Each structure stands twice: as C-alpha cells, then as structure tokens.
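Chemist: So you can see what is in the structure, the chains are spelled out below.
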Amino acid sequence: MSQVTDMQKGLYYIQQTQPSTNAYNVAFGTKITSTVCLKTLEVAFQHVQKNNVVLRQTFTDLKGEINTLERPDLPIKLQQHNTANLGEESLKLIVEATAKSPFNLNKELCLRVDIFPTLSQEHVMLITAHHANFDFWSLALLLEQVASAYQHIINGQEQNETRQTPQFTDVITQLKTTQQTEKYQQAKAAVVANLTGANTQLTLSTDFIRPQVNRYQGTSFSFSIPAHITALIKETAKTQNVTTYMLLLSVYQVLLHRYTGQNDILVGSPTAGREKRKFHQVMGNFVNTIITRSTITSKTHFSDMLQHTYSQVVEAIRHQAVMFPQVVEAIKPKHDKSRTPLIQAHFAWDKLPQFAQFEHFFSQTTNKKSIDWAGLTLEPYWVPQQEGQFDLALEMGAEIDGELTATLKYRQDLFSADSMAQFSDNFVQLLNSLCRNPTQNINHATLLTTEQTKQLLSVAHSPTIITPRAKTVHALFERQADLTPNKIAVQDINTQLTYQELDQQASHIANVLTQQYAVQGQQVGICLHRDVNMLVSLLAILKAGAGYVPITPNMPIERANMIMEDADLAVMILGDDITNLKPPHSIPTTTLNELTNCHVKAAEHTLVAPSQTAYIIFTSGSTGRPKGVSVPHSCAVNCIESICHTPGINPDEKLLAVAPFSFDISVTEFFLPISQGGQVMIADTETATDPDKLINAIKIFNPSLMQPTPSTWKMLYSAGWQGKKDLSIISSGEPMPQTLAEQLITDCAHLYTAYGPTETTIWCSIIEYTGGPVTIGYPMANTQMYILDQNREQVPQGVTGEIYIAGTCVTDGYYGKPELTQKAYLPNPYGAGRLYKSGDLGRINRDGLFECSGRADNQIKIRGFRIELDDIEENIRRIPQIHDTVVQPQIINNETALVCYYVINKGQSIGQKTIQSELKQRLPNYMIPAFFVEIAVMPMTANGKTDKKALPKINLTDNQRDIIAPTSPLENAIMQQWQTVLQQTQISINDDFYDIGGHSLLAVKLTSKIKQTLNIDIDNQFTLNYTTVAAMAQAIEQGNLVADNSMLVTLNKGETDHTPLFLMHPIGGTVHCYMALTQSINKAQPVYAFQNPGIDDADEAEVGIEEIAQKYVAEIRQQQPQGPYQLGGWCFGGVIAYEVANQLQAMGETVSGVYVFDTRAPIIANHPDDGDDATLLSWFARDLAIPHGKTLHIPPETLRKIEIDEQFAYVLDRARAIDIIETDADEEKLMNYFQVYIANGMALQMYPEKSLNIPVTLYRALDEPEDYGTYLGWDTLLGDAFTVVDIKGDHNTIMYKPLVTQIGNDLNTKLDNLTSTSHTEKECTYE
Amino acid sequence: MNTVINQVAPTLDIVKTKASELLAERLRIDVIEVDMNKKLTSYGLDSIDAVTMIGDLEDWLDIELPSTLLWDYDTINDVAQFIVENFESLVD
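Chains as they are written, first to last, in numbering that gives the first Met the number 0: chain A, 0 to 1326; chain B, 0 to 91.
Worth flagging that the hints you see were computed from the coordinates, not collected in a lab.
Any given hint could be a false lead.
[Said to hold, decoys possible] Here are a few chain A residues that sit away from chain B, every Cβ distance over 12 angstroms (derived from the structure):
1) Arg214
2) His279
3) Ser432
4) Phe930
5) Lys1200
[To be verified] Keeping only pairs whose Cα atoms sit at most 30 angstroms apart, straight-line, the calculated DSSO-like set for lysine-lysine is:
6) Lys38(A) to Lys275(A)
7) Lys331(A) to Lys912(A)
8) Lys237(A) to Lys37(B)
9) Lys350(A) to Lys37(B)
10) Lys453(A) to Lys15(B)
11) Lys233(A) to Lys17(B)
12) Lys713(A) to Lys38(B)
13) Lys17(B) to Lys277(A)
14) Lys175(A) to Lys275(A)
15) Lys15(B) to Lys275(A)
16) Lys723(A) to Lys653(A)
17) Lys333(A) to Lys948(A)
18) Lys15(B) to Lys350(A)
19) Lys233(A) to Lys15(B)
20) Lys1110(A) to Lys15(B)
21) Lys367(A) to Lys15(B)
22) Lys367(A) to Lys91(A)
23) Lys947(A) to Lys17(B)
24) Lys91(A) to Lys62(A)
25) Lys38(B) to Lys275(A)
26) Lys91(A) to Lys106(A)
27) Lys1082(A) to Lys1287(A)
28) Lys38(B) to Lys233(A)
29) Lys17(B) to Lys350(A)
30) Lys62(A) to Lys1052(A)
31) Lys38(B) to Lys453(A)
32) Lys298(A) to Lys38(B)
33) Lys237(A) to Lys17(B)
34) Lys37(B) to Lys233(A)
Please read all numbers here as calculations on a predicted model, not as lab measurements.
The beta carbon of each residue, even a glycine, is placed where N, CA and C say it ideally should be.
Modelling step: build the complete structure from the supplied sequences, incorporating the hints.
Modeler: Below is the structure:
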C-alpha cells in the first residue's frame, strides 16, 4: 500500500462523490491503418506495466485514508470490441462512449486499452487513463515505451525487465519530505498571500439555472484563431515582451471580466510538476494547478495588464510545487457544492515537446496526417477528454496551418453550445482589438462582433411605434366618456358611477381646484380611503392641470410630512374621515366634502400640455428621505396606449383595482379600463390586503383583469384560492416565480409578466407567459432597453448587466432633486432623449427576451415595494441608543425578510420592541425589519467597509447562536465523529459541516468514520446531501442511506424468540410509512419491511404481483426458514402480502395472519377505470405530499395537457413549490420512485382475482368514503372468512402518529401469540 | 550532449554561446541573429520553450536550475552570468 499526493486525493474524491463523471478521463485515440499484431501489442503494454508502478495500482479508502494498492492480479488487457460491421458514425459513438466511461478507482486500474476493429479491417486503438494516477506527460511516456517494447518483440529482441527508478511511489515519498521544508512553506505562504481576499466565485451568466451540486459533466467546443490574428498575437507578444501564453491568458481574463463584471479574476492553469529532471521519465500524476490573479480597475490598460500577468505567471511558476489542495485549504473559500473550489475558469497551454509528432492528434481538425509509431502507421482519431473539470476551460497550444486552435470545455449543465460559440467569437474579437492597440483601456476594447451588435440593437428597440389617441391621461377618459356616457365606469362596494357621472363629478372638483386654489401647473396632495371618490379626485386633479401626490392614510406621519414638505403642494385634499394627518400650516388644506359641496361656476376645460406632470410618486430614497418621481402625462399616456395596443384590452374589461395609489401600477388600474370603455372596481384597503376578503371580492366583482404583485397571488393561493378561468393577469413589481406563473396559467386565462421602474412609467416591457422560464419580455411601444456593464458598454447576449431604458417612457426625474436626477437620467448615446439607469440587473436571453434578476445596488423589493436599505438604516441610526446598524435581506422560510444588525452606544441599552415601535413612527410596515440581532462590533473588510458577508446568518431556532447539543444517542454518535474529524468541540447539531471547516477530504474521512462506528452503509454522497448532524441523524433514522441493494429493511430487530412480522411496501415502493407503526408495536417483536428493489435500481423493478411476491418469498425464507408466517401491508402492500401468503401456502407453509391496512381487495371491480400514466402520476403527486402533511392535487386532465415527457418534471416543480421535495432533489432517483409506482400500479391491474383460504385481518379506515364497498371488496373475495378491525382516521392518517397506535395496539394482541398454532387449528378455534 | 566533467564552473563565454545556440535552435533562427542583450520574450520565446531550454541547460551542465530562470534573468547575458556565478550551489 502506498500513500498518495493531495492532488490525487482530490481527484479520487471527485470520482467517488460523482461516480458518473468522466471529467478526469485522459484519452488518446488513433486508427492503426497498418497491420498490427494485437497479441504482441498486449504483451508490450503488459511489459510497460511491469516497469511502471502506477499501471499496477488501484485506490483504496481505509477509514478515510486514501492509498494506492498494488494489484498483481490485474494485467492490462486489450479490450476488443465487436465493431467490425459498424459504419463510421456508429463506431465513433462507441469509441467516444468508451472514452467517457467512468472509472471505478477502487476496482480498476487507472488505464484501459480498447481495440475497435473497423469496417475497412483497420483498428481504432483507444487508451483511456484516469488522471488520479496518470497525466498527459505519462501518456507520452507510455506511447514511447509501448512502441519500444512492441518493436523489440516484433524484432525478436530481448526485453529488459529493469524496473525504472525512481517510481512514482518514490516521488511521493520525496514530495512529502519536501513539503516539510521551510522553502516549501515559504512558497506556500507566498501563494496564499497573493490570493488572500480574492473573489473565489466566478459569476458567469449561465444559460441554465446553476444546479446546486456540480456533477462534473462537460463537453467541448472547438474553434481556431484566423491566421492573420494568430500572427498579430505573436507579434504583439514580442513587442510587449511577454509570451504568447501570457498574452492569451490576459485576454481570456479580460473576456471573463467583461462577461462577469468582476474585477478580481482567478484563472487556474496546469503545470507539469516535473521540475526535476529525474522525474521526466516517471509515469504518475505530477500535474499541479497554479493560479494567476488579475485585479482590474476601470482604468486598466492592456499593456499594463500584460506586465501584471507576466509577474503573476512568473511567481506562479516559481511556486509551482505548492499543491493546489493545500492552497484551497489555506484560503478556505466558502464551500459551494455547485462550483469547483477557488477557480472555476481554467486556461491550459498544452504544448508538450514529447508530443510534437502527435500534435494534430489532440485537435478536432480534418488533418489526418499519418505518423509512424513502432513500425505501425497511426492516423489521428480524435476523442473528447477531460470535459467538465471546470465551469469553463480554454485549451490552446496547437497550431495548424498558421492558425492557433482552441477548445473550450464547458459544463453542459450551465452553458449551451450557442453561448460558447459567442464566447469564442468575443475572444477572437477582443484579441484582435487589444493586439491592434495594446495601450487601450481594456474596459472599452471592442468585444462584440458587428453581427452581434446588430442583433442586440434589434432586440433593444421596440418595433412598435404608436400614436396615442389623446395627449393627456384625462383626455383619454374624456374621449371614451363621450363615446359611452351611460356605461358603468367605476364602482366600489357601495356605489357605481357611469362614465358621464364620473366625468361630471371630476370636472366639478377640477373647477373648484382651479378657481379656489389655482392649481394649474402645480401639485395637489391627496390622502383618501379607497372608494369611487379616489378616482373622481385623481381625475379632477388631472383635469385641473395639476399633478397629484398620493399619500396613503396608513403612511407613517413622519414620512407623510416629508412628502408634503418636499412636493410643494398647492393644496392638500383629505378624505372626510382622515383625521390623523396634519399637513403643515403653510399648505392649504381642504376635504373632499368641501370640494364636492362647493359651488363654483362652470368653466372651460383647462388646457393641459402632455409635458405637464400627471403625478409624483414617492419611493424609498437612500438618504432616509423619500424621493418623488415626476411623471408627465405623455409618459403615462404612452404606457396606457401601449398596453391597449399589446396585449390589448377589450371594451368590456372589468378590472379589480387593489394596488395602493402610492404605487404606480395603480395608474393603469385606474386609467387603463376607462380609456377603453371598461370598468374599474375599487377594492378597499382591507379587501386588497386580506386574502379571504379578496377571494370573496373576486367572486362578487367577477373581474376579467387584475394586476397585483406575485406576492398577492401567493397569498391568495395559500388561502385556498382556486383560480379563475376567465381572468387575465398582468403581473409586475417583483420577480414572478416560475412555479407560480405555471400555476396561474393553469388556473387563469392569460398571464402577462411586465417590468418597469417608476422612473420609466409603470412598465416598459411586457410579454404573455406561456411556460418555461419567466422573462420580462420585450420593450413596449416607443421604448428601448439596453443591457450595459459598469462602463456602459453593451454586454453580449446572455450576459447579465444593468438594464438601461430610453424612449417616450422616460420621466422628468426626481422632483426638486437635480443632482439625483442627473445621476440616474443620463445622456442617451443610442438616440434622442435620456437614458435611465434602472439599477436592475438583467440580460437578454438566448431567445432574445429580457430577463430581470434583481438589484445592482443596495435596493431590494419586499412584496413589490422598492426599498433602499440605506433609507431604513438612516432611520434606525436616528434612534439615540443605536451606534451603528446594517440591514440585510435574508431568505427565511422562502420569503425575503429584513434582518437588522445593530451595535448600541456604550453603556446604553435598547430592546428590539422599542426599536420596532420607534421605527413604526417613521417607516411603512414593509420597511420595518422582522429580525433584530445585536452585535458587539460591526465586522469590517480590509478596505474598511462593513463586511456584510461576515454578519451572522439568522437561524430561526438558534437566534442567539447557542450551541445546540445532540438530542438523541444517534445524534450524539454522529457528533463525536464530527468532533474527531473537525478537531473542534463547539459544534451545534444545526451547524453546516462545510461552514465550520469541513471540506471534501474531511468529508471522505467523516463518511468512513460514520460507516465504521454506526455500522451502516453510506457512500460519499451522504456527506453532500446531509450537511448537519441533525440532518444526518434524521437521514439515518429514515433509512435514507445509500442503497445496499437489499430489499429487506430491518425496522426493528426485536427478539429472536418472536416470530417476525414482514410488511410489504405500498405502491410507492418505500417503507418509511411503517416507521410509526413499528414504534407502536411491542419492542420485542421483530419487524421487517420490503422495499421495492426498483427504488435503488430501476432495472430491478418487477411488473407483476406474482413476480414481486416470488422475490420476497425467497427473501422471507432466508430470514425465517419455516412458518408460521406473519405478513402485512398498507394499501397496495396488503395485496402483495396476500399473494406472498398464497405462495407460502402453496409451498406447504402455514401463514398465521395477513394484516392489511386499508387495502382494497384485489378484485376486478376495484381496478381504476382509467389507470393510465397520468392517473398514476396524479396519485404519485398526491402521495408525495402526504408524509409532509400537505396536499398536492394535480388532476390527471391537467397532466394529459402536458407533453408526456414533461409531465414528470411538471409534478416535481409543483412539489418543489410547496417544499415537499428539495430543490436539488435527485431527479433520477425520483424518476425511479415513479417508475416503481407505475410498475406497481400496472401490476395491480393485471393481478387476477383469487379467492383463497388466507387469514386476512382488515384494518379499515373509518373516515374514508365507502367508494369500494363496506369491506373494500374483501367480502367478494373471501366471503365472511376474514376479520375486520375499525380504525379511526383516513387512509393516510391511520399509518402516522397518533392514530397508528390503534393498529399497533391491536397487532400486539394478535401477533406472535399463537407461535405454535397452525393456520388450520386457528381457524378451528374460531369455528 | 557534452557533460562538463568534475562539475567545474564553465566560463561565461561558453555558457553564453551554448545558451545562444539553444535559443536559436528553439526558435529556428540563425545563431548569428541572437543578441545577448535582447529580452528573450522579444524573440517570441514561449513558456514551453523556456522549460525545454532550461532542461537542455541542466542536462548540459548536469545541474538544477530554477524554473523561473529565463523570467528572472531575461537576456542571454544575464542568464549566463547567473549560472556562472552560482554554479556551485546549482550542482545537484
């Protein structure tokens, strides 16, 4: 047994945790076109094997210690395939599949040789090696040594059996010594110092949602760099005094910077690791990864960057002996299962001199030049290799016909081939641009191709140009009022007004405002409760030529005062029942009542220009003072008219308005329907915010259109809302979760997702949602949207940047705040008007649709409200006892919640309640943090900024961050292993292994320790899936270990003098459902349960009750060779038990009892009418939710509407939405579950009716409807020869606590008390 | 490959000549074109070439050289001077 290097351990670990990966398969393919003696070739390989220890080893994992083991019993064999009749394409598929076939490092050698005879009687030879014990350099050595051996044999020469020294095992011993030296430790310190504080997460925009666990699955995209650019690169490298490698690496880093917006970019590169000459002839895995770090600023010029790269590369080479895993351990990057540690981008410049003649063998080119090898003629036969090691890996080095060739290896679960094609185009474009002018700023170097720019602009510019029907918001209404004076325009719970009435009442108030308060061109404040008068008043203010400034009655007084002070109000209108709001004396105040009853003479319409302000809406501002967005009529009209155009609204539209009028989506709620002949129904505040009342209002008002935020829909669903088939929805204000969107389109008529900041007037993009990922669509009429980076350069398609908006929708800016306005409303380089910087992150996806992915700054959204965290923090700091504070959003129970961290002034104290009540005076409810954490000092970064990442995460059960001790013996046992492995004692059962110092190598150790001490079979995946002590204990308790392939699960060992009870799994195949029952049965009673073997291995599933039973009977007889037997099963499990009993009896055995728990008798009449896959899937979904105490009802009809191969994914999404499966649940595993389910469902339908003499006891769930007869059909089957026990509860609850004790108690009286009595005797006693 | 016998430090000129030859060989240029005071990178010397050249120098002199030699001393003159001055400590 020999020790291994840290690098080897790392690769071994990856292969063990992701056994299906081929990321570390090193491959060489060739077609031998001359005749070859395969037997001799095999002997040659075996000869080389004798001389190189790494070719004779497998790996072992002994209690977490990884070693290699010499295996004299495993000679290298040429694996010959039966391919002589295959066409070229089929052969290629087989060769590639073989090259990608994963290694089992514990069982196999790290080298495989495969021979594929071809149709033309030639041979393709594939050499595949695992990188854990082999490297590319070794491949060159192998080819050289095998060639030499082959020739020797062919020529009849003597073979030297001189074992070469040193061997890799010797090298490792030396390495371990070297690593103890001071020189090595200094080198390590230098590497670590260079990387300290580095950003270790490369946030490339991905085409697919990043899976939570990296499975190391990749593929390749090859391209080449045109000859003239290749020449330019070499020339530039010379003039800039860097190597080609350094130049290419720099441009790769610039590209990653431009793609991510990150300035601190780490790129890994391989180094041969054979510094010493004496290692040059040794086979083994010497390769190490070195890291270069580029720190880019907005002013970095390319020539400076090249010099920086030069020194980074030289230092990295100087310290190349420092093992990468040790660097990872020293830096301790935040553990992220979805990414490789420290580096996710890789750049390799592979140009091994030994491979000079093979160069074209490793590029995917058409160059088929043959070479001579061992007297044989070899042609290149390219095979993919080493794919999926990193998110993105660029490999270069070869040059063919003056063109540098390149291969981009990428994770196919993250990126599409289209993205890689684009990435490579951008790489070439950047190379060209930077080499032509090396002194330019890298941030502005041309990145996009002409073609790409053209494409981006075609998406950015709305093709729709509309001319509005009227120029002001009220004129749109007035125009409609003339057309349909007698239609209902607006109503609330008590009142309704026709278009004419609304117009007249509004005109009257407008006249009063004009004549008494001269409001034209000024602002009018308004604070009212929600009813028809709200719309009357708003229209009146608009008609009078003023802009309205909404203040909701529940707004905190301080905030309302700020708004009233800042908005320069000409008059403040108060609702008649508003008493708490006291406008400053300088502002004239009136009430709605006064205005309505005031007699003024009729007047001409006031002339209002489209550029006049229609409303000013105040939003959260970063200074602790709200800022008002001033929106002119032209903007609001554009939005309304654009929606009327697309998607379009009809003249009978009925809209139920629920948004507060201080929220700009209320503008479309109020004015969109009445510009088109529709009707607005105004819900009062209580209705709009109480789910039950809102559901009721939807019933009463029967709206055809609504536009609340996604949060409102979630609220309605959780209150039991069932949807409304004729309701259309425009949803905006916050991101729409895909599952919610899918549910809404199932339950409603249409769903439109819209996007837009208040500054660009309600919405600026929209699309109808029809499925798939949610987008915000494309720009609305007269609107342009761009995605720009921090330097305001357009980013490529698919890449995230900031959303910028131009066009008619761009508003006037922040009222009375020119500096703020100037910062956000910029000159528009793409056309007329101004360009608004939204602060929202977004991108144009592969389909050319915009996506929005959150905020670029310190602003967040809670329940659709825009919140500046600075605003809240400022208000908290004003509390005298508070010294400093940081407010952070955190996802708690799937909702974004605000967490306030605060430091108090020395010697003072303040409670959370006091802070909360202080804040209630100043801030609206949605801005008040839900959680408060007092901390002693604010954590700081090296740059002196608050280190927000270092703030403790809120743990609902562990708010004080106390250590929670183990609560069970099992937890205690696991905890001890944690403490040993992590070498620390202060561990809480809810601490995440990877948060408190655990890493992949320690995980291997932990796995072994747990396996050993608890004597259970788990694999390395276990430590990935369960990362806390509590979770591990729970997983072990629930039997969520790795398949041990045994279908018989011991639920309770019991005592040997008791006859066991064998329980059969229900339709789902698993046996978790019997845990509670087992606990309620006498402890001495042995209980076993059969889990369907298909759960672990889909191929093992049987379709047929008899076949299933046959398997289980064999297993039962192993466990208990002789009767009497006791059997049982819940639901479908009862049927298996029945058939098992049948087979046992047929063997002459006795069965003393078959206990069926609410099982329908297996009779034809009980078969479902339409037991198709959709029906079974619907049941499957239902049963998935039951153990969680939730319901998931997906009718089969719904499923039948979906493509068959998408139904399952749909069910999983719905299940995730209600949190009954993890977001990263193993879909393959779930698929197994479902296949078992289907197989069982089918089996049940095929099982013939069999009237047998079997002692059945039926436990009947009393709360179930008698749909299947009083005795569930057992009377049909058995006459009256069975026992019935009534159990309170329904089909499911009878198996869970507390109701399951009824069954347990009854079983205790029946089980095992007739140990020696046979079936017949028992029957006799009953008779 | 000629091996220096008895590990005696070679003269500066010998090392310069040998290094120039190796460089010319790697870059496939005439040895006449090599300027002892010109930066190695300005010839288009690549990282792989550097590894190979260092290996060749090691084999020739039977010594161990730092892997960053050609980056820390980036002209033929400087490289040769380093080797001659530090010869004893470089002997493996």
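Chemist: Now look at each hint and say whether the structure bears it out.
Modeler: Okay, the hints, checked on the actual structure:
For Arg214(A), the non-interface assignment is confirmed: its Cβ lies about 33 angstroms from the closest Cβ of chain B, beyond the 12 angstroms cut-off. With a minimum CB-CB distance of about 8 angstroms to chain B, His279(A) fails to clear the 12 angstroms threshold, and the non-interface call is violated. Residue placement check: Ser432(A) keeps its beta carbon more than 12 angstroms from all beta carbons of chain B (closest about 21 angstroms). Every CB of chain B is more than 12 angstroms from the CB of Phe930(A) (nearest about 53 angstroms), matching its label as outside the interface.
Its beta-carbon lying about 60 angstroms from the closest one in chain B, Lys1200(A) satisfies the requirement of being farther than 12 angstroms from that chain. For the hint pairing Lys38(A) with Lys275(A), the CA-to-CA distance comes to about 36 angstroms; that exceeds 30 angstroms, so the pair is violated. Taking the CA atoms of Lys331(A) and Lys912(A), the gap is about 38 angstroms. The hint is violated against a cut of 30 angstroms. Using a Cα cut-off of 30 angstroms, the hinted pair Lys237(A) and Lys37(B) holds, with the two alpha carbons roughly 11 angstroms apart.
Note on Lys350(A) and Lys37(B): the hinted pairing holds, with a Cα-Cα distance of about 25 angstroms set against a maximum of 30 angstroms. Proposed proximity of Lys453(A) and Lys15(B) is contradicted: the alpha carbons are some 56 angstroms apart, above 30 angstroms. The straight-line distance between the Cα atoms of Lys233(A) and Lys17(B) is roughly 25 angstroms, inside the 30 angstroms bound, and the hint therefore holds. Restraint check for Lys713(A) and Lys38(B): the C-alpha separation of about 68 angstroms exceeds 30 angstroms, so the hint is violated.
Between Lys17(B) and Lys277(A) the CA atoms are separated by roughly 22 angstroms; this keeps the pair inside 30 angstroms, and the hint holds. Between the alpha carbons of Lys175(A) and Lys275(A) the distance comes to roughly 15 angstroms, so the proposed pair stays at or under 30 angstroms and holds. Of the supplied pair hints, the one linking Lys15(B) and Lys275(A) holds, its CA atoms being roughly 23 angstroms apart against a limit of 30 angstroms. Simply put, Lys723(A) and Lys653(A) have alpha-carbon atoms about 14 angstroms apart, close enough for the 30 angstroms limit, and the pair holds.
For the hint linking Lys333(A) to Lys948(A), the alpha-carbon distance of about 11 angstroms falls within 30 angstroms, and the restraint holds. Pair hint Lys15(B) plus Lys350(A) holds up; C-alpha atoms about 26 angstroms apart against a cutoff of 30 angstroms. Between Lys233(A) and Lys15(B), the direct Cα distance comes to roughly 26 angstroms. Compliance with the 30 angstroms bound is thereby established for this hinted pair. Straight-line distance between C-alpha atoms of Lys1110(A) and Lys15(B) comes to about 81 angstroms, which puts the hinted pair past the 30 angstroms bound.
Note on Lys367(A) and Lys15(B): the hinted pairing is violated, with a Cα-Cα distance of about 41 angstroms set against a maximum of 30 angstroms. A threshold of 30 angstroms between alpha carbons decides the hint, and for Lys367(A) with Lys91(A) the separation of about 15 angstroms falls inside it, so the pair holds. Pair hint Lys947(A) plus Lys17(B) does not hold up; C-alpha atoms about 58 angstroms apart against a cutoff of 30 angstroms. Straight-line distance between C-alpha atoms of Lys91(A) and Lys62(A) comes to about 41 angstroms, which puts the hinted pair past the 30 angstroms bound.
Restraint check: the Cα-Cα separation between Lys38(B) and Lys275(A) comes to about 26 angstroms, which is no more than 30 angstroms; the hinted pair holds. A C-alpha spacing of about 27 angstroms is found between Lys91(A) and Lys106(A), which places the hinted pair at or below 30 angstroms, so the restraint holds. Distance restraint check for Lys1082(A) and Lys1287(A): the Cα-Cα separation of roughly 24 angstroms lies within the 30 angstroms cut-off, and the hinted pair is therefore satisfied. Our distance criterion of 30 angstroms between C-alpha atoms is met by Lys38(B) and Lys233(A), whose separation comes to about 15 angstroms.
For the given pair, Lys17(B) sits about 24 angstroms from Lys350(A) by alpha-carbon distance, which is consistent with the 30 angstroms threshold. At most 30 angstroms may separate the alpha-carbon atoms for a hinted pair to count; Lys62(A) and Lys1052(A) meet this at roughly 27 angstroms. Our distance criterion of 30 angstroms between C-alpha atoms is broken by Lys38(B) and Lys453(A), whose separation comes to about 43 angstroms. With a CA separation close to 28 angstroms, the supplied pair Lys298(A) and Lys38(B) stays within the 30 angstroms bound.
Straight-line distance between C-alpha atoms of Lys237(A) and Lys17(B) comes to about 23 angstroms, which keeps the hinted pair within the 30 angstroms bound. As the CA atoms of Lys37(B) and Lys233(A) are separated by approximately 17 angstroms, the hinted pair is consistent with the 30 angstroms bound.
In terms of the numbered hints stated before, the structure departs from hints 2, 6, 7, 10, 12, 20, 21, 23, 24 and 31, listed from lowest to highest.
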